[in-house]
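Participant: The lines below spell out each chain.
Number of protein chains: 2
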Amino acid sequence: MTVEVTTPAAVAVPGARMRREIAEQPAKWHDALTRGGEELRAVRARIWNRPPKAVLFVARGTSDHAALYANYLVQTALGVPAASASPSVVTLYGGAPDLRDVLVVAVSQSGGSPDLVAFLEMARAQGAATLTLTNDTDSALARISDETIDILAGRETAVAATKSYTGELLALAALFAGEETLAQLPALPELGEKVLAVATGPVEELAARYRYADRIMTAARGYSSATAREAALKLVETSYVSAHGMSSADLLHGPVALLDQSVPLLCFTSAGPDAREIAQLVDLAGERGVDVDVIGDGTVTGRTLPAVLPRDVSPELRPVLEILPAQLLAAEVAVARGYDPDAPRGLSKVTRTY
Amino acid sequence: MTVEVTTPAAVAVPGARMRREIAEQPAKWHDALTRGGEELRAVRARIWNRPPKAVLFVARGTSDHAALYANYLVQTALGVPAASASPSVVTLYGGAPDLRDVLVVAVSQSGGSPDLVAFLEMARAQGAATLTLTNDTDSALARISDETIDILAGRETAVAATKSYTGELLALAALFAGEETLAQLPALPELGEKVLAVATGPVEELAARYRYADRIMTAARGYSSATAREAALKLVETSYVSAHGMSSADLLHGPVALLDQSVPLLCFTSAGPDAREIAQLVDLAGERGVDVDVIGDGTVTGRTLPAVLPRDVSPELRPVLEILPAQLLAAEVAVARGYDPDAPRGLSKVTRTY
Numbered sequence: 032m033t034v035e036v037t038t039p040a041a042v043a044v045p046g047a048r049m050r051r052e053i054a055e056q057p058a059k060w061h062d063a064l065t066r067g068g069e070e071l072r073a074v075r076a077r078i079w080n081r082p083p084k085a086v087l088f089v090a091r092g093t094s095d096h097a098a099l100y101a102n103y104l105v106q107t108a109l110g111v112p113a114a115s116a117s118p119s120v121v122t123l124y125g126g127a128p129d130l131r132d133v134l135v136v137a138v139s140q141s142g143g144s145p146d147l148v149a150f151l152e153m154a155r156a157q158g159a160a161t162l163t164l165t166n167d168t169d170s171a172l173a174r175i176s177d178e179t180i181d182i183l184a185g186r187e188t189a190v191a192a193t194k195s196y197t198g199e200l201l202a203l204a205a206l207f208a209g210e211e212t213l214a215q216l217p218a219l220p221e222l223g224e225k226v227l228a229v230a231t232g233p234v235e236e237l238a239a240r241y242r243y244a245d246r247i248m249t250a251a252r253g254y255s256s257a258t259a260r261e262a263a264l265k266l267v268e269t270s271y272v273s274a275h276g277m278s279s280a281d282l283l284h285g286p287v288a289l290l291d292q293s294v295p296l297l298c299f300t301s302a303g304p305d306a307r308e309i310a311q312l313v314d315l316a317g318e319r320g321v322d323v324d325v326i327g328d329g330t331v332t333g334r335t336l337p338a339v340l341p342r343d344v345s346p347e348l349r350p351v352l353e354i355l356p357a358q359l360l361a362a363e364v365a366v367a368r369g370y371d372p373d374a375p376r377g378l379s380k381v382t383r384t385y
Numbered sequence: 032m033t034v035e036v037t038t039p040a041a042v043a044v045p046g047a048r049m050r051r052e053i054a055e056q057p058a059k060w061h062d063a064l065t066r067g068g069e070e071l072r073a074v075r076a077r078i079w080n081r082p083p084k085a086v087l088f089v090a091r092g093t094s095d096h097a098a099l100y101a102n103y104l105v106q107t108a109l110g111v112p113a114a115s116a117s118p119s120v121v122t123l124y125g126g127a128p129d130l131r132d133v134l135v136v137a138v139s140q141s142g143g144s145p146d147l148v149a150f151l152e153m154a155r156a157q158g159a160a161t162l163t164l165t166n167d168t169d170s171a172l173a174r175i176s177d178e179t180i181d182i183l184a185g186r187e188t189a190v191a192a193t194k195s196y197t198g199e200l201l202a203l204a205a206l207f208a209g210e211e212t213l214a215q216l217p218a219l220p221e222l223g224e225k226v227l228a229v230a231t232g233p234v235e236e237l238a239a240r241y242r243y244a245d246r247i248m249t250a251a252r253g254y255s256s257a258t259a260r261e262a263a264l265k266l267v268e269t270s271y272v273s274a275h276g277m278s279s280a281d282l283l284h285g286p287v288a289l290l291d292q293s294v295p296l297l298c299f300t301s302a303g304p305d306a307r308e309i310a311q312l313v314d315l316a317g318e319r320g321v322d323v324d325v326i327g328d329g330t331v332t333g334r335t336l337p338a339v340l341p342r343d344v345s346p347e348l349r350p351v352l353e354i355l356p357a358q359l360l361a362a363e364v365a366v367a368r369g370y371d372p373d374a375p376r377g378l379s380k381v382t383r384t385y
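If you're matching them up, the sequences are chains A and B in order. So for the first sequence, our numbering puts the first residue at 32; every next one is plus one. So for the second sequence, our numbering puts the first residue at 32; every next one is plus one.
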């Protein structure tokens, strides 16, 4: 006689969806680079063969952090001014700037935000070329955009976006990074699997330490400033902790006054030009008795976290990997506090702001 | 026999400097519009007669909030794409985008931030026209810039910037607002005096209520989103409260989950296209039992604050006035908590980030 042990489908393990989507990421990246590779190369070639005068990104929430990352790439690699635009210029004030020779890029998991749609419609009318990166190629944004990139993250069911974020980062890197960085893209899926395996244990310990924290500050610089903001947003969305994610430069211009023993500081840095400033911040925080840790390759170290990122990843691609431990952390802190990160209060998948 | 009562110079009243500089603002605006008026009109004429293809702002901290405000003005009134740039594109990664036909505007009270200087040097080399708004026309930024506007705020000695912020807003409005809005500028000094007089009492009551709050959220939309961010930064700098300032649209895309009875929400809105969304946010917050208040003209009301702003100020100029009650609030909350807002820990007037 055998006894079958089954888990009834109706019993939801808190955070099961979010954890599954976090774990899926390296496989999704592989898919995006292979199945989606041809489309990415074609759009890239059109952009680089005749670069626009400027690139304007429009995005909200998590996708706006991917856009922040892309701002650096476009200015550094493509050599074109880039910035993030405010949709309310159009939706509230009816603004219509001259956008001839400008590429407007909408980044949106759902492709459905009415304010982004309104901005893209204005942009087309004002002469811009338009490109949408989305997880839904049937969406309103995809329909009105000159070109659309499918980020191929697959259906995202957890309310806190994870795989759509790294899918957006990866597509943006494939479009806008320099040739040297581009050559490192195919290694990312394997590196991502390693990061997830190495980080899980240390992150569980960190989550136990953060369990009773009312506030958490995150900080990084340059490309990784997108990671600091996105890590804070994940903690806010899943765990209701008051998390501030900042550029370390902005932090040093004021909110550094908030740092004391009651607020842990989580930094993101690895070997690269941003490491010096983060090392200074870690020292300053340490002098004040702040509980400071670093997610990185060991170039700068904090209180307990070991190196969880591989060495020799270019700073341009590091954001794709370094958000993985932060996503795990958000799920773990939520569960430790008795919340279900798959069912956060007050959030839905598509937010309809105008 | 007469008794002279004098206050010895050595006895500093906590917050005396910050309060004095808050109170000085309307007089400084008058000065900037009269003594500085000719220079503002000349630079304005050069910009409007031959508009650039795009405007890029570089700034840090408080001045970056003034730049955020100007982003909306430039896109709506001048009809040219505008955005805020990240200096670390240059200082960390050596990026050098093509900036021909682009106007790069540095906004800096001190004019001394090395990262802004590096960005402006790159911008000149890459073909940009450069303009600096500063309170120190002998500063490094002023020296390397094609044109410089003196914001004429006078020496700012409080560490938390107040009059330099509204001086920057006013100069940016004088340069980039439409003709109709421009006609309202001369009325601002008198309106500012009224706002300070009307707001002082209600703000003291609000400060008493916020005294024990660990966190405060501030929210606004469009032009006023600069106010929400700047109000939060003032609270952080002076009172060590964990204050988040957000666009209400970004708030509704995630951090709305943080709103509960333990976190007061302070909104900024008056009659204008942003009022509808703020009213929705106030209702949503009210349903959750959030302690919500509104600084505005009474178009949208919260829990206790009466209307402290005049009616019929255009949304484009409202940020100059609506930050006044928030500056007073920051000073009052700091003093109520036993801090001296003139001597915040860990802050100095010029932050040297690279």
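A couple of the hints might just be wrong.
Copies of the same chain look alike in the list, so a pair counts if it fits in one copy or across any two.
[Unchecked claim] In silico SDA-like cross-links for lysine to any residue, where the CA-CA straight-line distance does not exceed 20 Å:
# : residue 1 : residue 2
1 : Lys-84    : Ala-127
2 : Lys-225   : Gly-329
3 : Lys-84    : Leu-227
4 : Lys-225   : Glu-178
5 : Lys-84    : Glu-224
6 : Lys-84    : Arg-155
7 : Lys-84    : Gly-158
Source of the hints: derived by calculation from the structure; they are not laboratory data.
Participant: If a hint holds in the structure, say so; if it doesn't, say that too.
Facilitator: The hints, checked one at a time:
no.	hint	result
1	Lys-84 - Ala-127	both (17 Å within a copy, 13 Å between copies)
2	Lys-225 - Gly-329	within (15 Å within a copy, 56 Å between copies)
3	Lys-84 - Leu-227	neither (39 Å within a copy, 45 Å between copies)
4	Lys-225 - Glu-178	neither (34 Å within a copy, 53 Å between copies)
5	Lys-84 - Glu-224	neither (38 Å within a copy, 45 Å between copies)
6	Lys-84 - Arg-155	both (16 Å within a copy, 17 Å between copies)
7	Lys-84 - Gly-158	both (12 Å within a copy, 13 Å between copies)
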